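Novice: Just so you know, the protein sequences line up as chains A, B, C and D, in that order. Heads up: the first sequence begins at 1 in UniProt numbering, then just goes up one per residue. Heads up: the second sequence begins at 1 in UniProt numbering, then just goes up one per residue. Heads up: the third sequence begins at 1 in UniProt numbering, then just goes up one per residue. Heads up: the fourth sequence begins at 1 in UniProt numbering, then just goes up one per residue.
No wet-lab data here; the hints were simulated from the structure. Given the structure is predicted, the values throughout are model-derived calculations rather than measurements. Careful, some of the hints might be misleading.
Which copy is meant is left open, so a pair is good if it fits within one copy or across any two.
[Said to hold, decoys possible] Simulated crosslink set (DSSO-like; lysine-lysine; CA at most 27 Å straight-line): (1) LYS282 <-> LYS231; (2) LYS217 <-> LYS35; (3) LYS2 <-> LYS286; (4) LYS35 <-> LYS231; (5) LYS13 <-> LYS35; (6) LYS217 <-> LYS282; (7) LYS2 <-> LYS231; (8) LYS231 <-> LYS39; (9) LYS13 <-> LYS286; (10) LYS35 <-> LYS286; (11) LYS39 <-> LYS144; (12) LYS13 <-> LYS39.
Number of protein chains: 4
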Amino acid sequence: MKPSYNVGMIGYKFMGKAHSHAYRDLPMFFPSVPKPVMKAICGRDPAGVSQAASQFGWERYVTDWRELVNDPEIDLIDINAPSNAHKDIALAAARAGKHLFCEKPLALTLSDAREMLAAAEKAGVKHMVGFNYRFAPAVQLARKLVREGRLGRIHHFRAWFLQDWILDPEFPLVWRLDREVAGSGSHGDLGAHLIDLAHFLVGEMTEVIGMSETFVKERPMPSSMTGLSAKGSSDAPRGPVTVDDATLFLARFANGALGSFEATRFAGGHRCTNAFEINGSKGSVKFDFERMNELQVYFTDDASDVQGFRRVLATDPAHAYSEAWWPPGHTIGYEHTFIHETVELMQALAEDRQPVPNFRDGVACQQALEAVEVSIAERRWVRIDEL
Amino acid sequence: MKPSYNVGMIGYKFMGKAHSHAYRDLPMFFPSVPKPVMKAICGRDPAGVSQAASQFGWERYVTDWRELVNDPEIDLIDINAPSNAHKDIALAAARAGKHLFCEKPLALTLSDAREMLAAAEKAGVKHMVGFNYRFAPAVQLARKLVREGRLGRIHHFRAWFLQDWILDPEFPLVWRLDREVAGSGSHGDLGAHLIDLAHFLVGEMTEVIGMSETFVKERPMPSSMTGLSAKGSSDAPRGPVTVDDATLFLARFANGALGSFEATRFAGGHRCTNAFEINGSKGSVKFDFERMNELQVYFTDDASDVQGFRRVLATDPAHAYSEAWWPPGHTIGYEHTFIHETVELMQALAEDRQPVPNFRDGVACQQALEAVEVSIAERRWVRIDEL
Amino acid sequence: MKPSYNVGMIGYKFMGKAHSHAYRDLPMFFPSVPKPVMKAICGRDPAGVSQAASQFGWERYVTDWRELVNDPEIDLIDINAPSNAHKDIALAAARAGKHLFCEKPLALTLSDAREMLAAAEKAGVKHMVGFNYRFAPAVQLARKLVREGRLGRIHHFRAWFLQDWILDPEFPLVWRLDREVAGSGSHGDLGAHLIDLAHFLVGEMTEVIGMSETFVKERPMPSSMTGLSAKGSSDAPRGPVTVDDATLFLARFANGALGSFEATRFAGGHRCTNAFEINGSKGSVKFDFERMNELQVYFTDDASDVQGFRRVLATDPAHAYSEAWWPPGHTIGYEHTFIHETVELMQALAEDRQPVPNFRDGVACQQALEAVEVSIAERRWVRIDEL
Amino acid sequence: MKPSYNVGMIGYKFMGKAHSHAYRDLPMFFPSVPKPVMKAICGRDPAGVSQAASQFGWERYVTDWRELVNDPEIDLIDINAPSNAHKDIALAAARAGKHLFCEKPLALTLSDAREMLAAAEKAGVKHMVGFNYRFAPAVQLARKLVREGRLGRIHHFRAWFLQDWILDPEFPLVWRLDREVAGSGSHGDLGAHLIDLAHFLVGEMTEVIGMSETFVKERPMPSSMTGLSAKGSSDAPRGPVTVDDATLFLARFANGALGSFEATRFAGGHRCTNAFEINGSKGSVKFDFERMNELQVYFTDDASDVQGFRRVLATDPAHAYSEAWWPPGHTIGYEHTFIHETVELMQALAEDRQPVPNFRDGVACQQALEAVEVSIAERRWVRIDEL
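The following block holds chain A by itself, in its conformation from the complex (with noise of 0.2 Å):
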């Protein structure tokens, strides 16, 4: 087993951060996992990446992506540029013979998506996407009683991802509001790992039907912008919104199990509600990640007079990644989700084996939104074997 890969990253913003701490923190925490070497960082803007390399503890930071990916030292790439860019950084990385750890969405089209997965696998090199709810150790558990039929035979499905960073309509034209850039809003932002979560959880679905809004159309332009927070002046030049502020869709599961999905950033009070609940013949579980150490689970042979929803912290011995951690009953945070993802990476590539959530899956996740994109269009029924 190779004691370490050398990762190169392209892209230093909030994915950059929590990927940095994420590939910072697995060795102490995962000592019998590959180490991933901090070798260099990638950004445009001199000033900025060299703070950046400085601040997360990279050994190196360059300017020009083409040249971190045609580096003889370097193992693997990560890819959390903005959108727009993912899809040449990974095609010419693969090319270069890279192993991929490439943000969500892979890509702003299915076509997109579907050219990366295919140089992927032509270059034979690993390829992960960066569903990071997954690893979610409450996430991990719903997984697991699923797949131990303990739940038995899914009929509901429903999730909602709810936000409102943008519910003010004086907030700034960011450029996750941008289609040129962003690909899509709500939808692609939220509703992808909403979608993701199904395939992960349910499988995968036949057919999609849904509905959009962009509720407030025009904003003022920022100066300045950096995570989900910007700042700006209602006095500014303003701007179209491009993309939606909600979408809402229907799905039909192959397994047979009905499907009501919602991503919104117009939902008060919410600040990151992504949720889902699964009704099964044999149990539930609800899922609700401002409290994401926590899975509510109930069984219907569970005795008749103690029936009930019960609060799993998952933070036993019994839950995925826990161990690793601190004793029952102290919780972790959403950088650990990164944490485990990474941890699946360096243990993939150290067993000669593709990761998993990977392109396969950014492709499915893309095939699924832009079925959904359809199905709005067109305002009818799409398949999703259509695309």
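For chain A, the structure is supplied; the task is to place chains B, C and D on it using the hints.
Specialist: Quick look at chains B, C and D alone, frame taken from chain A:
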């Protein structure tokens, strides 16, 4: 003001019991409202209705509803017989000049519902429909917040009515699973309440698209049934389930809000989760009938360090109907929704106005239900005003 | 079995209303239990008691309780007059051979309580004391789990009854804040319920030590009061608060468990948080009256990956009294505890046994209350059997 | 400002790991704070400490703490060795002029704690004690609300630290159950945190009275232990448990508030419920560490129809430390309390002031702990200033 109204009630099962109790308790807690006098109860089975009359406190019973609707002593006919009997009774009672209080669903079809409304209007009688959930004080509070503009412009309404009483495939084929008697399944039973709450809280819808499923297609015939429970045997002969186990739909509201609805009897762990959430530009509210005394309320203009959903226990003097009951913090239950409903009915009679909700609301609900059914059958968006 | 018992009730305010309603509803929901006949109600103010008789449904009223306790038509005397009147009425009623149903606190002193018990025993009548919270189905479930050994050996009982109705220093000086009438403040009013629940759920205590405080020592005199609400003015003359605003104590139980108790009327945001938790070697339960239909239940022997408190909604057929009400998930409220209490009373009369809780439980509660008061006055641990 | 401080750490188990991680992550998330340089780690077992040094990221390791405290390269000594070793190390380190960061409990006795404080003060070094729970943003918010008077005059503080890791009588006799090493059981381990939070949030206590119990008096000797988990066998020889399994006490605060405290390791279902509630004349707050990102907040002056506890997710920019982390709604975990604690330590060093909490707080905590122990031994109220 007339000090009392003589009631004749048709039906004596689950809803008959709930209505009887409301009439019985109303004068004690709302002494300033005209008193409903429990004159006569009607049912086809003499033994059953006789026992109910005695147990519930009716002065007498009859076995032929025609006798009751033509009884000059009766002011008001309360119809909670099976859904397929509503129309004939209502038409006859209206012709006889009786005020009408009809359980939901008003009728099995939109056409029948409209006929009932027309008959009531022609006869110039008062008419009410039994959407009792409006009358939970917490729901009244939600309405008040919307009406007073304290939630701002409404962006989202999502509602789900989740039950699990037929999750077991061996649960018998009760009348609620028979389209001939019940009209529809989860959609008409549970979804109807969600639609009425949507109308009450957000307003009219313009278009819908839905999907439905019957997960268990055959069930054993029952040996007995009462309320939502029933007895049967796996050895019993089986019959087909002819209604939906679950129905979901998406909607657009006239005011621009997006709606998401789900009604199911297959959500394990949910005995009676009749829940909704409203997100507006200035705030949000959440309600779950299993905690019916509570409304979760969020305001965007709370101080920046203490923003969050408040759990309001709607038992304070500031809350509708609450002063008639117990001191703050002393909760009420399901049956109280019927008492409040009856208060509205008696007050409307006293004030010579139509009660709310009335047959117009029943027709509007039926119209939305049927639009969803058409959308499912024809796999397309259906405008409410098509019907 | 006698088919009914004639009730004479003394008192017609908050508790009088709750008891009246229980008598009124009992026959409808528990038809197999002997019927309490609402014969006569007694109060000193003719206008008030006349109005109450009519509103609550009593056949007649009297203004002299001595007339009532000597009325040969009456089988049972229900005492819910102010606490300082309990003793004289009970003694006279016992002498007259009437069965007794007395609100808590049984009396203002342990000595009086014992005298009442002795009188009832000497007279050979049935006697009940009104610890209504025992009769919430969720509390009954807690008791069942303890009794059946499903929680194992009990280690901890912690209980707190938190209210906030006098938090405002300008709230008037109502009778509940006057030692002469009320006996004590939060301790006798709220703490008494906690002690009774402790006795019911865990068993006898052996020793206690407490502390108490009156945070607001003077208040304006009230102009009117009803239930827990009152009207007054900051301009009104002020009088001294002579009872405790809050009382806390620690206890040891005979079975080795440790107890912690807190009763206060100064807990902002708590309208009526009557809550307890029990921790045993095999499981735990949690209850909060503001969500009175729910019991949180934990078992140590649940599978290791799905351990957690279950939220049991005690509305299933498996739960005490629930089948008399509505289908699972349809909750009940505060007033139902009184109906269930009355069911126990009527059943005990029918079965010629003492109801539970009875005056022995009232004495035991008073003994614990007084032991706590001695411990506060003398700043030392006090053994229950010292008194 | 000195850009960094060289740390020498003694101890490498549970707390050693938590501290190491804090040093490791601090520079990435708080780049404007002086950097703690992970110079050397110390432990008696060469194999163990060597492995820890490598895994946690320390430059080197030593096996003799005296070598470390006299190393001129070291600026700060971090003491998280077993509690019975704190004093000797701290005295020597102070003599050597090193700044001190000591885990709680500061010492096994009040006398020792005072000696440590005196030594630190005499040496003129900075000293901090590891009450990490102060540093949860939600706890910081509670403190802010109290300090700004937004809760008014404080009437009540109730706190309970509930765990269940030794509920099983066959759980081995780990060092935390040995008075010689641990000083006390639940009281010193868990109660100490509650006392410190009381000091932090409400202020000084004046008198206390407590009770304690050891439910399981003998346990099998362990074969191995780490963190809070251990392995053993029921066949192993047994030894006596010499510490308390549970300790409860009542307290009065100097400001007139009443306090209730409970620490136990026998509360099934509670992995780490470190919870408190504060009730003031203008509002209340509730905290539970198992949901450490949340603070429940109630204000008496909210509009009368929307009063209720708000669930504030303390991840907004308005909340302490939160801007260093992720966007609102993206929660943090247990380990972050240590990072924030270390930020305070580094900032204090940079600003040439004592960090808070420091050895004075450690002494105050020890004084309260010991007062409770005296009150238990002598079965009487004990004034804090007696000791």
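Novice: It remains to establish, for every hint, whether it holds in the given structure.
Specialist: Hint check:
1. LYS282 <-> LYS231: between (49 Å within a copy, 21 Å between copies)
2. LYS217 <-> LYS35: neither (47 Å within a copy, 46 Å between copies)
3. LYS2 <-> LYS286: Close neither inside one copy (39 Å) nor across copies (49 Å); limit 27 Å.
4. LYS35 <-> LYS231: Neither way: LYS35 and LYS231 sit 38 Å apart in one copy and 29 Å across, limit 27 Å.
5. LYS13 <-> LYS35: The answer is both: 23 Å in one copy and 22 Å across copies each meet 27 Å.
6. LYS217 <-> LYS282: For LYS217 and LYS282, only the inter-copy Cα distance (18 Å) is at most 27 Å; the intra-copy one is 45 Å.
7. LYS2 <-> LYS231: Neither. Shortest intra-copy (45 Å) and inter-copy (33 Å) distances fail the 27 Å Cα cut-off.
8. LYS231 <-> LYS39: So LYS231 and LYS39 fail the 27 Å test inside a copy (33 Å) and across (40 Å) alike.
9. LYS13 <-> LYS286: Answer is neither; intra-copy 31 Å and inter-copy 35 Å both fail.
10. LYS35 <-> LYS286: Neither. Shortest intra-copy (34 Å) and inter-copy (41 Å) distances fail the 27 Å Cα cut-off.
11. LYS39 <-> LYS144: Neither: 36 Å inside a chain and 42 Å across chains, both beyond 27 Å.
12. LYS13 <-> LYS39: This pair counts as within: shortest intra-copy Cα distance 17 Å, inter-copy 30 Å.
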